[in-house]
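If you want the building blocks of each chain, they are given just below.
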Amino acid sequence: MSLALRVEELAKHYVLKSETVRALRGVSFDVPEGDYVAIMGPSGSGKSTLLNLLGCLDQPTSGNFFLRDVSIAQLNDNQRSEVRAAHIGFVFQSYNLIPQLTVVENIEVPLYYQGNLAPDQRSYCKQLAEMVGLGDRLRHRPTQLSGGQQQRVAIARSLANNPYFILADEPTGNLDSATTHDILSLFESLNEQGKTIVIVTHEDEVASRVKRVIRLRDGEIDSDTRN
Amino acid sequence: MILKRFFQTLRLGVYSLLLHKLRSGLAVLGILIGITAVIWLVAMGEGVSYQAQQQIKDLGATNIIVRSVRPAQQGSSASSGLFLEYGLLREDFDLIVSNIRRATSDVLEQIVPLREIKKEARRHDLNLDVRVVGCTPEYLDLNHLTIDRGRFLTDSDNNPPENVAVLAAEAAKSLFPLENPINQTIQIDADFYRIVGVTEDRDPTAAIGGSLDSQDYNLDVYIPLATLRARIGDMIFTSRSGSREGEIVQLSQITIGLKDLTYVDAISEIVRKIVLEKHPNKDVKVIVPKELLRQAALLRMMFNVLLILIAGISLVVGGIGIMNIMLATVTERTREIGIRRALGAKRRNVIAQFLVESVVLTGIGGGLGVAFGFLCKPTINFARDLVMEISPETANTLPTTILELQPIIAPWSIIASLLISVGVGLIFGMYPAYRAANMDPIEALRHE
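Those protein sequences? They're chains A and B, same order as listed.
The numbers in the numbering used here rise by one with no breaks, and the one at position 153 of the first sequence is 473.
The numbers in the numbering used here rise by one with no breaks, and the one at position 152 of the second sequence is 154.
Heads up, a few of these hints could be off.
Unchecked claim - So the derived list for chain A, only partly shown, Cβ under 10 Å to chain B, looks like this:
no., residue
1, Asn-372
2, Asp-378
3, Phe-386
4, Ala-405
5, Phe-410
6, Asn-416
7, Gly-435
8, Tyr-444
9, Ser-478
10, Asp-489
No lab work stands behind these hints: they were computed from the structure.
Ideal Cβ positions, reconstructed from N, Cα and C, are used throughout, including at glycine.
If we strip away everything but chain A, and leave its shape as in the complex, we get:
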């Protein structure tokens, strides 16, 4: 099976007041296409740092990171933006929808930055909204939606650019347990359709429902287990 992404000896050091903080000390793992991974660990374990690197928001100090076969560890800001626009689908803890846009316009945003506006993108984005169960809320603004609904919009948005993988940062952190259940079911059904999903979380409920759990501790991989 081909790889969605591969991480090789990835390290990230921060320099704070002449003191070097080694947030990530050389992490290696593969994520095959169609995998469903949770990255866990206590705070300070390097979770957020790894998330930023996987999300192509930051540059590693050393090591390598491949998306499919392309190395993207040393790209500049502009090139990283292109990679984010084309190949990564983000889902955030606090939904991060743009308040002045409607549901369907929010879903369109990644397409806009991809550069190639297809003429049928509006209907494509409507389909995505219907897929996450919000076909009747297309013209609503984020403030008119519940937390669970907003997260569904965010998931639809992460699918818009047909990414290599979906990167979710504590996607259920702000949700009650019933909604958490719904959202995880949505992720599961997406994974069944072949989507690669990486969730960064500290919730055991999430961990219990994914295929594979990578635990970090002090910037290194503590364990890598398949459920």
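Given the coordinates of chain A, assemble chain B onto it according to the supplied hints.
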């Protein structure tokens, strides 16, 4: 494709601005006032300079005017000498003619000497203070006068000198309120003159700078120059506050009309040289309308630059307002910037987004400013009428320049205003946009 992207960005910008209507409106107001100021000031400046240029053009750009000026009162010497002798002489006229002919042949269209005197014209029991102008037939064309009835003076009136006169419209109306003046007579001093023609109304010219007094042509009586010399002579007495004063003036003015504008500079040099030689005491001055035109154009340009500088200050103030709003917007929308960056926006996408917003703000301000600019003329007319109505005394103390001012909206000022408003948006939006683009996406996403 690019257009579609642009419209999408534009729509997004308008959306975001509408989220803060009052704030955006106030920012727009700053630009609006600045642009309106530019258009109004330029329109008024153009109006004023148009007035001046029209007056100078009335003198004729191809003309050179040589005029006698009464020297400043030297007090006792004038009264002791009884007669003050000054100004152009008949021999000056011949000298100027021969000098011009010698310098270049065939440049003279006409050269017209004239003598003017204030006199009282009488007819039966009516009398009127008029300006008696002794001139030659060319005077008519030279001053853009037109004949209403009868004819103007002819060469045969001058040689031998005939006692004929042409009346200006107002003079004719005052002296002959009921009947046709043609072939009637009027009396000036002891002599009678037969009326041969009447000229049409002509608007008086206003004074131009310090070089020429205003002229009201409507109370003129035109008689042949030779007749004036024979009947009235060079000497004039005027009674002023009890004491009598006398002047001896041979010619009041010589107007040199040239065939082409290009000769004006050279010929005016020649004339100036003669005048300087013969009249070192400055009792004759040379007025070149073409030079006045050039000066007026220069003055107008300087005036416009000044106005634009003043308006520019208000635009800078408006621009600072825009920058302030945009900085607030950028800070407020840090999270949005983070989201957009995470979803793949490049720095330049973020710059474009915020620049579009600031340009939309200033563009709307500029557009409205132009619209208000067009209100310049009606507003000024309304204000003037209001002043006239409320207090006519105040209105009468206003200079004619203001009373007659018709603002002219210059097309270039509209184009410039729109460009400037867009420019202000770009310049003052640049820093906030860069600030937005250079945020660290990770930090921006974390921003509450």
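Chain B contact restraint on A/Ala-405 - CB to CB distance below 10 Å: holds, 2 Å
Hinted contact A/Asn-416 with chain B - closest CB pair below 10 Å: holds, 5 Å
A/Asp-378 as an interface hint toward chain B, with CB separation required under 10 Å: holds, 6 Å
Status of the A/Phe-386 interface restraint (C-beta, 10 Å, chain B): violated, 19 Å
Status of the hint placing A/Gly-435 at chain B (closest C-beta pair under 10 Å): holds, 8 Å
Hint validity - A/Phe-410 Cβ closer than 10 Å to any chain B Cβ: holds, 5 Å
Status of the hint placing A/Ser-478 at chain B (closest C-beta pair under 10 Å): It holds, given that the least Cβ distance between A/Ser-478 and chain B is near 9 Å, below 10 Å.
Evaluation of the interface hint that places A/Asn-372 against chain B, nearest CB under 10 Å: Holds, about 5 Å.
Chain B contact restraint on A/Asp-489 - CB to CB distance below 10 Å: holds, 9 Å
Restraint outcome when A/Tyr-444 is required to lie within 10 Å of chain B by C-beta distance: This interface hint is violated because 16 Å lies over the 10 Å limit.
Checked against the numbered hints above, the structure violates hints 3, 8; every other hint is satisfied.
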